[in-house]
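Peer 1: Protein chains in written order, with my numbering: chain G, 1 to 315; chain E, 1001 to 1343.
This list has only true hints and no planted wrong ones.
Now the stretches of chain G that chain E is said to cover, found in silico as 3 or more residues with beta-carbon under 8 Å:
{"#": "1", "region": "69-83"}
{"#": "2", "region": "121-129"}
{"#": "3", "region": "146-157"}
{"#": "4", "region": "240-248"}
{"#": "5", "region": "292-301"}
Everything labelled a hint here was simulated from the structure, so no lab data went into it. Glycine residues also receive a C-beta, built at the ideal position from the N, C-alpha and C atoms.
Here is how the chains run, residue by residue.
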Amino acid sequence: MAIVNTTNFPSPTQIAWSEKFLAIAVPNLIHGTLAMQKKMPANQGYILRMSRTNRLANAMVPLGPSGITPPPSTMSRVDIDVRPQFFGDHMLLNEQCTLLNTDPVMNQAVEILGIQMRTTEDALTRNVLASTAGAINCTGGVNGDNPTEITRSDVGNITKILLGNNCKTIGSMIESQNKFGVSSVRNSYFAMAHTDLSNQLENVQGFVHSSNYPSQNNILESEWGSVGNVRYLLSSEGSKDVNASGLGATVYNMLVAGMEAYAVVKQDRYTAKFIHRPAIYDSPMALNDSVAWKICTAAKITNDQFILKHRCTLA
Amino acid sequence: MYGTILQQDNFTATGNDVILKIRSDVDFMHVYNWTRTNAGIVAATGLEWYWQRNMPVNDGIVKGWSVAAGNPYLVGTCSGLLSGGFTLVNSSTVLPSAPVAVAAGTDVVSPVYTSALGGVSVGSVVRVYSTTQNNINSLDFSVGAITAGVDFTMRAVLQQAPGIVAGANGFARLIADNVDDYNRIYPSRRVIANITQAVNPTVTTLVDHSLTVGQQLRINVPDICNMTQLNGQLATVVTVVDACNFTINIDTTSYTAFRFPTSAQVGANGSWTPAEVVPLGGFAGTFAGQLPAYNNQSIVAATTDNDYIGIKLSSFNTGAIFWAPAGTAGDNVYWVAGKSVNI
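Please model the complete structure; the sequences and the hints are all you need to start from.
Peer 2: Below is the structure:
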């Protein structure tokens, strides 16, 4: 008995296309979150100089009865220079591609270029912070490596150093409330770290997951939780150095920052350019569209004593 | 791609690998050794090279005089002629090299490491780990001398010999071909190998410092390194002594002597934080001999991102042959690079 089935009589169109695109995996962009935003004015050269006058020592000696004028103090200054640089990428789309493809190719190109621009910006900031911040190794763990895994005493140590440097916290205290399972959150520095540390942090004594904060107001999507006076933001693009520990394991750099620790400088009139040139501008035969982005930016630690690279390995 | 982008230039060979930074990227390249072409027939000598994208890494096609009698013109591959060739480089994606076994360093102030780690030359930055010298493990350092394929020596002079603890050997990795590649962000932090007690003390860094006179620095000295009076102080570079030494403007004569701890002093656990110098990216220019400045407005210290795209021309030859595209010291080498459509 002959049966007509899809083997001997297949559908002429065997693939239906779902018009809704699947989500593109985009990391948490955490490294610009805590930055001071600064502009490099146009037509003013290519270096932005940020200056800080140094504090004077206390004047502890009494003026006395002599009537003689004591010596004056003098001023000194620290200059911090940063050079914004130009970055960008582009894509060429042949007219036949945009004409014949079922999907809106140009839309997709624009979306992934936009994502690339922001992840690039984030990674540039991360690299500057990781390269130029002073480093403190975790030493309180027991994994036998250098640095060790993170422990409560390591968090306490980093907090002590930042406090000693007169670094102000960023996050205000979240007062405890009469709810089940919540715990107050101290006024805090913020740490930018890698998602590989999510389990590790939960094992640190005193860890409070962000879902256990008394209030869910003013919590960033990337915030994982807090330990002592440090709240942790996680991203899959967090800083890490492969094969960099004493035993050759990956070292994770938790960038712990306080108020006004670093800045992201953007060139005025050039903060984020997105350029689409239709094919008609391409060549005599108008063959290719182009889409592009350009930015002019730089990150800079503005006070090296307000940000530290807290290095750890996994347990 | 709108046709082909051509770039050209020439360089004088130093005997080391040459990196040509070409932001447009490269799809093909011709290299011509003017000096050797002009020298007449010399056995086993490359004169002209060609490389094209998708050729094997560190390879290419070379034309030159063979070793055969009469020295007929030869066309071969760099790898076939036991030499290095061309390698594309994107410094933003470079990872440490594969691990190669290394013996713990010798117990001298500039330790020697026995290892066949490849690609190392004077000025390269390497990292050893899992050796019994847990005070040196994981710390990057510049290489001061090598015996190719046999050993390499730390360039910096440590405050004291690092000590030796009996036990298993570890591994070494090449981190960067040179300090310029290491400085992806300039200026960046360095681990300190020694600080002298002087009016203008000399600071020694494990990796070449790349600093200039007038740059401002923060010196961090943990308790284990003893000279804690210097911890957290802001210093300025007074003189650059050499690649891994510079002097600063803080008088340390009355400070406790600096210590780079031995393996034993670090302890069996081996977890410690070394002393380091952190450049601020700023400048305080009042010293004689500073780089060009106007009203002390020198900008040499400004923080910049040094990542690049380019191609590395190898200088590696096996024995007394000259098939590598980077030439030998003193050679005048011309090159043309192009970009084309991949169909």
